[in-house]
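Engineer: Protein chains in written order, with the working numbering: chain A, 147 to 460; chain B, 4 to 457.
A couple of the hints might just be wrong.
Here are some chain A residues the structure puts well away from chain B; computed CB gaps all over 12 Å [as the list claims (entries may be wrong)]:
no.: 1; residue: Lys268
no.: 2; residue: Asn270
no.: 3; residue: Phe281
no.: 4; residue: Pro355
no.: 5; residue: Ala366
no.: 6; residue: Ile371
no.: 7; residue: Ala381
no.: 8; residue: Ile393
no.: 9; residue: Leu444
Below, a sample of chain A positions facing chain B; criterion: calculated Cβ distance under 10 Å [what the hints assert, rightly or not]:
no.: 10; residue: Leu210
no.: 11; residue: Asn212
no.: 12; residue: Gly316
no.: 13; residue: Val318
no.: 14; residue: Ala326
no.: 15; residue: Gly408
no.: 16; residue: Leu429
Don't read these hints as lab results, they were simulated from the structure. Here the structure is a predicted model, which is why all the values come from computation and not from measurement. No residue lacks a Cβ here, since even glycine has one placed at the ideal position from N, Cα and C.
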Amino acid sequence: MDIPQTSADPVTEKSVLLPAQKPWKPQSASLRWVMLAPALVVIGATILYPLASSFVTSFRDWRLINSPTPGPFVGFDNYARAFTDANFLNSLKVSGIYMFISVVLTLLIGLGIALLLSKPTKLNTFARTLLIFPFAVAPVLKGYSWKFMLNPEYGVYAKMIGDVFDPLKGYVWLGHEFSALVAIAMSEVWGWAPLFALMFIGALGSISPEINEAAKVDGATNFHIFRKITLPLLAPVIYIVALLKVISAFKMFDQVAVMTGGGPGDSTQTLYFHVFQTAFRNLDMGYASALSYILVALMGVIATFYVRTLMKGD
Amino acid sequence: MTTGEKRVRQRMGLALGMLGVLAIGSLGGAQTAATYGLKPGKPYDGTKLKFLICCLGAGQFAQLSKMTGEGSEFQKLTGITAQWENTPYEGLQQKILIEATTGSTYDVVAWVDSWGEAFKSQMLPLNDRIKADKINMKDYPSSYITASSDSAGNIVGMPLRGHPLVMFYRKDIFKELKLPVPKTWQDVVKTAQVIQQKKPGITGLSTMYGVTAGQNLFSWTSMLWGNGGDILDKGNHPVFNNAKGVQATQTYIDMLRKDKITNPAATTFGEPESSTELLQGRAAMWVGWWWYWARFSDPKAVSKDVLNNVGFAPAPGWAGGSTQNYALIWPIGIFKNSKKADAGWEFIKYVTNTEIQKRVAANRSIPAEADNTIVTFSGMNDAKVNAANGGIPKVGAQALRTARTLPQVKTWAEIQSVLEIGINQMATGAAVKSTLDRMARDVDAIQKRAGYYK
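Full structure from sequences and hints, please.
Structural biologist: This is how it looks when you write it as structure tokens:
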């Protein structure tokens with residue numbers, strides 16, 4: 147019996163169409179490489195070569211103000227310098243603090259939003275649609291907006307906070323070390339928390355309502371249900387998004403450049419910003435390359451955790 | 004002759020007469036190559052120059068680029084076409100460094116004076132050309148020439164765009180309170196205190212202590228130099244932490260923290276924010292570059308009570324000391340690698356020619372391109388230029404007689420970073436003396452690493 151080629155059943159369709167539409171594969175290995183070559187050349191030129199070149203540069207003395215070409219090899223001097231460089235160590239500390247503030251706030255606010263919007267009402271569905279927008283805003287634009295809104299004279303956020311908490315009236319948010327770092331973190335949290343909320347809403351939806359109902363029958367309060375059931379079940383998702391946010395926080399650059407320029411003093415100079423300053427302001431390419439590789443190593447550790455966690459999840 | 008013929012003849016006569024007037028008029032206004040000291044006969048006809056530059060939004064550059072591009076007067080006079088390569092400011096220094104040493108893309112370049120030391124050796128000395136063309140270098144502020152010369156004394160750039168620091172103030176407030184315009188920083192503090200007392204809601208002085216491209220150094224250097232201090236000594240060692248440096252810095256920080264004559268948010272301010280304080284009528288005085296005058300006199304840019312109420316004076320000096328304000332210059336020079344050096348020199352002569360610069364500075368037909376910037380004393384004192392710019396060019400000339408530029412060291416970018424961060428830290432509460440000492444140690448390490456001394 148002929149099986150119709152236009153079967154509506156995808157399974158049937160697949161089983162019938164596959165032999166007829168089997169994708170063509172080049173038989174010779176060399177032909178495969180030839181066909182892959184353009185992509186490999188582009189990847190090599192834009193990723194592998196710069197990586198290798200900057201790795202070699204990290205072992206050389208190359209200050210652009212002295213020479214347009216890399217100077218002599220200096221072994222691990224550039225790496226050793228980093229660990230005695232107060233500015234680098236400061237940026238490491240700043241990045242660490244920033245990362246902590248940023249990750250904790252994003253998770254808490256994201257989770258809060260998710261719990262508020264988890265019930266499938268029409269209003270919640272509309273609100274969920276809006277959640278993606280802050281994440282779509284460019285980091286530089288976020289930085290400018292937040293800088294403007296935190297201006298103690300005409301900033302809307304500064305005014306709102308000042309009206310609610312009188313001692314904070316006229317407070318220069320970007321003029322104090324800790325509040326400047328929190329302000330930068332908030333500009334980032336504003337974009338990321340809604341995205342995390344969407345992820346959490348998805349995870350919350352996968353928790354069977356029967357579990358909660360059973361707990362309620364056993365006399366559990368909403369808080370107990372959240373602490374003993376919801377949170378443990380959300381833990382894998384929280385862990386993954388936290389790692390994702392850690393990686394993102396480590397890369398903080400745009401808002402620092404736009405909102406504080408690393409100030410007050412050097413209190414918001416994150417690692418990325420410090421590397422940028424070293425390379426493109428101080429024009430010390432050898433040292434900046436070494437700093438970049440230290441950064442890569444740190445990111446590599448976090449990324450390994452992230453990937454392993456994802457694989458376990460599978 | 005019939006009446007009709009008479010009328011025709013009268014009309015022809017009138018038409019010929021008008022043509023004659025037009026012809027004479029155009030002859031009188033016609034410029035020749037000699038007008039600007041250019042070579043006659045278009046010896047470089049067809050040459051295309053590439054000019055590495057940034058910031059075409061600056062009125063002067065916007066006008067000059069039109070005057071030297073395709074179909075321009077310069078092209079008609081010389082046959083040379085100049086292509087202005089508008090590079091983002093942030094990337095310009097790096098691009099110049101690479102181009103100066105390894106590139107061959109560009110012929111002519113303009114740079115900020117403090118960047119120059121790293122690549123002046125790759126720029127063509129211009130002394131012989133200046134001499135041959137009898138250019139009067141005495142017409143330029145000496146600080147501009149020093150900053151445009153290499154360590155051997157060769158002039159490697161002609162001043163193209165330069166700025167003295169000027170004090171802008173609210174004329175109406177000063178008039179109402181019968182206050183004299185302060186001439187020293189110490190007077191500025193007293194005057195600002197009076198203004199704040201009698202005009203609540205108005206800040207006496209708008210300042211900038213934020214970490215923004217070294218802008219918090221502008222007033223500090225003026226105080227430091229005025230008090231007889233310096234950033235580096237002749238051997239390029241840091242000396243800004245000596246007694247005079249500490250005194251000047253303390254005064255600078257006290258304006259914010261002790262005297263409270265400025266907005267507390269100035270710890271985050273750069274040039275845009277601090278100038279906006281005056282633009283929007285929230286401050287009575289501001290010290291900044293003179294080119295801001297075009298903005299302060301633009302009805303679209305300022306609040307109503309500020310328009311036509313902004314006066315200016317040379318930036319303040321130090322009580323009992325000298326007045327040595329900070330000046331900035333963009334020299335324009337020719338890369339040694341350029342194969343079009345002669346055509347490049349024609350271009351440089353044209354854009355730095357006083358008559359051209361006067362024409363640009365006096366042209367206010369397009370408000371967005373209005374720019375009072377001019378680099379020669381004769382231009383700054385020109386009646387037409389002053390009439391178009393409210394007299395600020397003359398005041399600039401006065402300030403430039405004793406002005407200085409930043410130290411010409413190749414490590415300046417790194418030093419500036421240390422200084423601006425340190426100043427911001429002091430502005431947010433760090434102790435002056437110990438911070439200056441720490442900054443001096445950092446600068447000392449930079450200088451040693453760069454090989455200035457061991």
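Engineer: With reference to the structure, classify each hint as holding or not holding.
Structural biologist: Outcome of the hint check:
1. Lys268: The assertion about Lys268/A holds, with a minimum of 44 Å to chain B.
2. Asn270: Consistent with the label, Asn270/A stays out of reach of chain B, its closest Cβ about 39 Å off (over 12 Å).
3. Phe281: Holds, since 27 Å exceeds 12 Å.
4. Pro355: holds, 50 Å
5. Ala366: About 50 Å separates Ala366/A from the closest Cβ of chain B, which puts it past 12 Å; holds.
6. Ile371: At about 46 Å from chain B, Ile371/A clears the 12 Å cut-off, so the statement holds.
7. Ala381: holds, 40 Å
8. Ile393: holds, 26 Å
9. Leu444: holds, 23 Å
10. Leu210: holds, 5 Å
11. Asn212: holds, 7 Å
12. Gly316: holds, 7 Å
13. Val318: Constraint on Val318/A satisfied, holds at 5 Å.
14. Ala326: Holds: closest Cβ of chain B sits about 8 Å from Ala326/A, inside 10 Å.
15. Gly408: holds, 6 Å
16. Leu429: holds, 7 Å
In summary, the structure agrees with every hint in the numbered list given earlier.
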